[in-house]
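Trainee: If you want the building blocks of each chain, they are given just below.
4 protein chains.
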Amino acid sequence: MTRKIAVVVTARPSYGRFRSSLLTLAARTDVQTQLVLAGSSLLDRYGNIEPIVAADGLKVDARVHMLVEGENLITSAKTTGLGIIELSSVFSALKPDVVVTIADRYETLATSIAASYMNIPLAHIQGGEVTGNIDEKVRHANTKLADLHLVASENARDRVIRMGENPESVFVTGCPSIDIAADVLANPGLKGDLFKLYGGVGPEFSLDTPFLIILQHPVTTEFGQAGLQIQKTLEAVDAVGLPALWFWPNVDAGSDETSKGLRQFREQGRAKRIHFFKNMPPDDFLRICMKSAGVVGNSSVAIRECSFLGVPAVNIGSRQDGRDRGQNVVDVGYDADAIRGAIQRHVANGKSPRDCLYGRGDAGERIAEVLINAPLRIAKRLQY
Amino acid sequence: MTRKIAVVVTARPSYGRFRSSLLTLAARTDVQTQLVLAGSSLLDRYGNIEPIVAADGLKVDARVHMLVEGENLITSAKTTGLGIIELSSVFSALKPDVVVTIADRYETLATSIAASYMNIPLAHIQGGEVTGNIDEKVRHANTKLADLHLVASENARDRVIRMGENPESVFVTGCPSIDIAADVLANPGLKGDLFKLYGGVGPEFSLDTPFLIILQHPVTTEFGQAGLQIQKTLEAVDAVGLPALWFWPNVDAGSDETSKGLRQFREQGRAKRIHFFKNMPPDDFLRICMKSAGVVGNSSVAIRECSFLGVPAVNIGSRQDGRDRGQNVVDVGYDADAIRGAIQRHVANGKSPRDCLYGRGDAGERIAEVLINAPLRIAKRLQY
Amino acid sequence: MTRKIAVVVTARPSYGRFRSSLLTLAARTDVQTQLVLAGSSLLDRYGNIEPIVAADGLKVDARVHMLVEGENLITSAKTTGLGIIELSSVFSALKPDVVVTIADRYETLATSIAASYMNIPLAHIQGGEVTGNIDEKVRHANTKLADLHLVASENARDRVIRMGENPESVFVTGCPSIDIAADVLANPGLKGDLFKLYGGVGPEFSLDTPFLIILQHPVTTEFGQAGLQIQKTLEAVDAVGLPALWFWPNVDAGSDETSKGLRQFREQGRAKRIHFFKNMPPDDFLRICMKSAGVVGNSSVAIRECSFLGVPAVNIGSRQDGRDRGQNVVDVGYDADAIRGAIQRHVANGKSPRDCLYGRGDAGERIAEVLINAPLRIAKRLQY
Amino acid sequence: MTRKIAVVVTARPSYGRFRSSLLTLAARTDVQTQLVLAGSSLLDRYGNIEPIVAADGLKVDARVHMLVEGENLITSAKTTGLGIIELSSVFSALKPDVVVTIADRYETLATSIAASYMNIPLAHIQGGEVTGNIDEKVRHANTKLADLHLVASENARDRVIRMGENPESVFVTGCPSIDIAADVLANPGLKGDLFKLYGGVGPEFSLDTPFLIILQHPVTTEFGQAGLQIQKTLEAVDAVGLPALWFWPNVDAGSDETSKGLRQFREQGRAKRIHFFKNMPPDDFLRICMKSAGVVGNSSVAIRECSFLGVPAVNIGSRQDGRDRGQNVVDVGYDADAIRGAIQRHVANGKSPRDCLYGRGDAGERIAEVLINAPLRIAKRLQY
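Protein chains in written order, with our numbering: chain A, 208 to 591; chain B, 208 to 591; chain C, 208 to 591; chain D, 208 to 591.
Fair warning: there could be bad hints in the mix.
Copies of the same chain are indistinguishable here, so a pair counts whether it falls within one copy or spans any two.
Here are the computed lysine to aspartate or glutamate pairs in the EDC-like style, where the Cα-Cα straight-line distance is at most 20 Å [claimed, not checked]:
no.: 1; residue 1: LYS485; residue 2: GLU474
no.: 2; residue 1: LYS403; residue 2: GLU474
no.: 3; residue 1: LYS302; residue 2: ASP237
no.: 4; residue 1: LYS302; residue 2: ASP531
Calculated directly from the structure, the hints in this document are not laboratory data. Since the structure is predicted, the reported quantities are computational estimates derived from the model, not experimental observations.
Given these sequences and hints, build the entire structure.
Mentor: Right, here's the structure in full:
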């Protein structure tokens, strides 16, 4: 019988990581892929991914509205609870042979619990990584609920096994985000005029002069400080004086504060060299990273994809603590002066060398291979 | 400021394990205990614990109706989802400094997620144990979400640390279930006539002649087989010929099947030596275990408390696989003949020696001590 | 395009009323019927209707687990809330052209709200009746949310129109429960030995000697009194001295109390002439009503179907206040002596004449006709 | 015993209407007011009312996060479902003697169901009004669930009674929105510079020259057309050539479309005479209405408060169909030319005469009086 593989996408950036394996799976006639779009991935405010999914030729099997608005801590919990209620009904209808989740967003535990409790084998992508905040609790809890582990690196594999997982259930596939980076490297041209394509607000400028890219998300364990933290980065970027493309944060506890900080800066007329974007397909996003002088903030893209692409990255604060780093990254605290200095020095060095720490660009194929062929079991036991 | 400690009880047997620490905490004036009763602990059908709690002199701070009826896999998931939604509101109102959960029942993840996502430090009792089914997924996921680990044994501590937890956050307190056993040992007399006190259906008999105690729960990863499994035990107990006290199963995926098996056996007039009980306070339950010739089934009580009390136990099937065993336990599969033989041989040997594998009876005090004094943090990171 | 008609069944007795229209609809090739089983209709404890549905040759399009256990007031509310969350997903997947709900059970408002809020036309069966308790709030709120009204009688039609509904949207179809009664009248033979067919507990007796049938549900607006109320009826029936077939109550706030009253009476050995049934297909239930000396309690069956069948009915308490009555009914309060006297006198009179107050047995066809052909609109306005 | 009155506010505009009765109640020492803030009333994106509530000196007794994001039809349903789940817990904790809800927003049914199902008397403000869309279904369903009706006018009273409610339970109190209007009439001065006080985006202009005020909400029964509809109004206002203050729409199915229409118009640089506000306290809002040349759109404020204030109003489309109108209103369809013409002609006529159709400004006191003194019952029956 054809194996049914259900992939649950709960946010725009997760789709980017699932995409290469989804396309590989969709091209196979011997498996049935079931695509579930959930949470913020369906919402305009966070960049509804339906048009991207349609452009990729993929069919959506279920849509799950589960985001309880509030962007604070209590609604993260409630969203997860509602997600379990909704996803259990979806799995009951789709009857998948395996459910796939990814990484460490808070609501991914809804997928893991719904699948586990219904005795459906669970595959988890990107386990065994260290990041040091609430995401880490989520990531490793996902590992303990998962039956199949598709990890980015040998280091990650080692950690998953040390946590007591059966070595036979852990597969090093590389990180799927590197697949996008590899595609972009082969196809570095933007699809058109950036500002026409993706709108946004703020001044437009030439991408041929040096410019920065900024992504800074709230840190959930530092709730209440997101407003101040974004302020520091805004001041530093302003002081550097380079034009910048700034991206709105993910929906998360604290994102309201971050957004408010950005809006105020803008309304005070201080964002005169900053163009704000809501979101962008991951490939075009990486294309502009490649063209940029450097990426600033606390996005994992700066650590992962940019290490492969050799783009200088200034990583601010604790959000990426513990994550394995390539040579493209320098770390700095929440201090405007320190951030400014780090940007100026690091950017001046120019491109960093390629680093294959997170994979070689074939993770999608490798993940698909495991999902199609690995034995599926739900009974597991601590291996010590 | 007085530390506020919220204890979430989601089922009758969990209350038995929380009881000694709750009583210790309640006697302290320097902390504030917040008792939350949730799930099946509030339902008559599963032995509403409100009267026991009131008799213990404890005040209930919140009641949470979260059990989605169905006793199947999908409702386990939905109950957990609803639990998160409800418990996050409770924590928002009670504002505890630390939330306490226990063991591995499926709905305990609702407590863990609600607390973690709201940045409230989470203490988990009975982590690091190995049992080999869905409960194990839940138990270790609880460990990965918890900030403080109160474990039953050195073995358990070792496993929690190997899973990557900070050794400073792991405390060996003994298993609180042994506290009840120790009390019972000091006070072995029943509070009155068993059958008058706890009703139930079926013949009454003298507890001075040899009799068996049976508890057999459905195994969630063997969903669909609970009916057959209980059948085997019924046949074996019938063949042994001793009178028996039989306890209805916990609410769990499959408990409908188990209950149906019991009812049918009874309605066919075959349960002529069996008295069925719905439930009983944990102390009187242990008192009759001590008086019994042996305990049969797959309850963890037979492994834990009975090892301390030296009561022979015949453990059936996979539910307790991997759990550390004392000398009082023999294991057997789902086979009527094998079960019958094991009961006859093992019971003939009489009492087993005391085993302090799971503690010495002071776990409640030790747990309370840690909850009152341990530093509370929410940031954690894999320790490798 | 084929009209898609979604029928939402939330409880065993509702299925009985939907059945004749469902069978009519299923036989039509020009419409698509979508059957949604929800709430207690899926639970063994309340008489899972899946086997009946399968025996009727109907396909189930969705199953909705929504019952929050507790049988108290707060869980009635929570069940309705969860029902809305679940049913909105079901309607989103099934995309019906019209959704059908029935009568006044509390959880029917979940169906009505989910459909209305999603701009799906809502048809409501059995509006415009007067019963005098919480059910009445629910029934008339359903009317105000519904776009199409399929009522049992001219009186009911008049009331729906007086409430401000457009007369063109109100159709007198008769009560579908009379359809079952008419079938039974044509086919009065039981399918076999009653006690073998439907099990239950308590003594068996010949159905050729006079016997009573008892159904008494808790009254939700008299919460806390259900235990006392059932006690009175138990005493009265005992005093009458006729053997009796007693049916367990619906799941509702208070049903735990009612059940406990029944169980205690039985465990005290006082139910020596009473056989208890959990449930029965509606047709066999009506067959035994026809054979009985009379029906006692507060079920609407005694008022509706029994008026058509001419079975004497003793109606106890307020639950059916205001409902139109045929000549077969006498009313009495919660007083053991009064109940006993009413049973003795009324039963002595023998069969009552047929009364077509609630229809002639063709409601299923008439309802199906309206659902298939009536214009479907969602905009409505108070007609005054 | 002191009567406990729980008022549930689910949105910013509702607070404005509750305010005068809340202040009257809060000043009384013989009752206890319990204020529950829920839904969008807590969200920055829709104008969090916490600061206003605090400035009014009121204490918040519970906060309920219940808004499932999506602003489409399915999330309206899910929000209501989640609201029932949450509010039933709140009522269980607060134990009010009466719960108060208002008007016809979709999520008000969550309040009504939670209260009704828990046998708590329900008071409904603003029943018996005719508006002609989904709101009307909600409003009249609220009436059928409510035990106490506090209506704005004799016409409304008449309709509520015709719907079958007991005349003794219906009180004409006037519309509380007129209380704000009366305060404003007595105190017409703005608290400061409008643009400084309330920010917003777009050009600032003198309020001493003629200007328009625009509020246009999506119509839920015309889902999918909100974008086109707002377009027509934008074009018309642009053609009139007067400067305008434009307010973002309520959160509702379709509000995303409306917001997108506004944003696009603005980003195309066509909103050169329009200043956009997110929200404003109701009193200052009415102050600028009084200063304006007229109010355009489909807000009920234009019909109610503006009739009392004598402000010319151009009402567009079906949203206010059936609502009683004063002399200040002209109606027009979704046609840019027709809207433009209506604005030009109507505004030229200047102020309209005062109309007390909706009350005289003392509704808050009258409502408080009824809530404090009216007998509270939960049993009700259709009065025909």
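Trainee: Is it within, between, both, or neither for LYS302 and ASP531, if the alpha carbons may be no more than 20 Å apart?
Mentor: neither (37 Å within a copy, 36 Å between copies)
Trainee: Give the relationship of LYS302 and ASP237 under a CA distance limit of 20 Å: within one copy only, between copies only, both, or neither.
Mentor: within (17 Å within a copy, 30 Å between copies)
Trainee: At most 20 Å between C-alpha atoms: does LYS403 with GLU474 qualify within a copy, between copies, both, or neither?
Mentor: between (23 Å within a copy, 12 Å between copies)
Trainee: Checking LYS485 and GLU474: alpha-carbon separation at most 20 Å within a copy, between copies, both or neither?
Mentor: both (17 Å within a copy, 14 Å between copies)
When the structure is compared with the earlier hints, a violation turns up for hint 4 alone.
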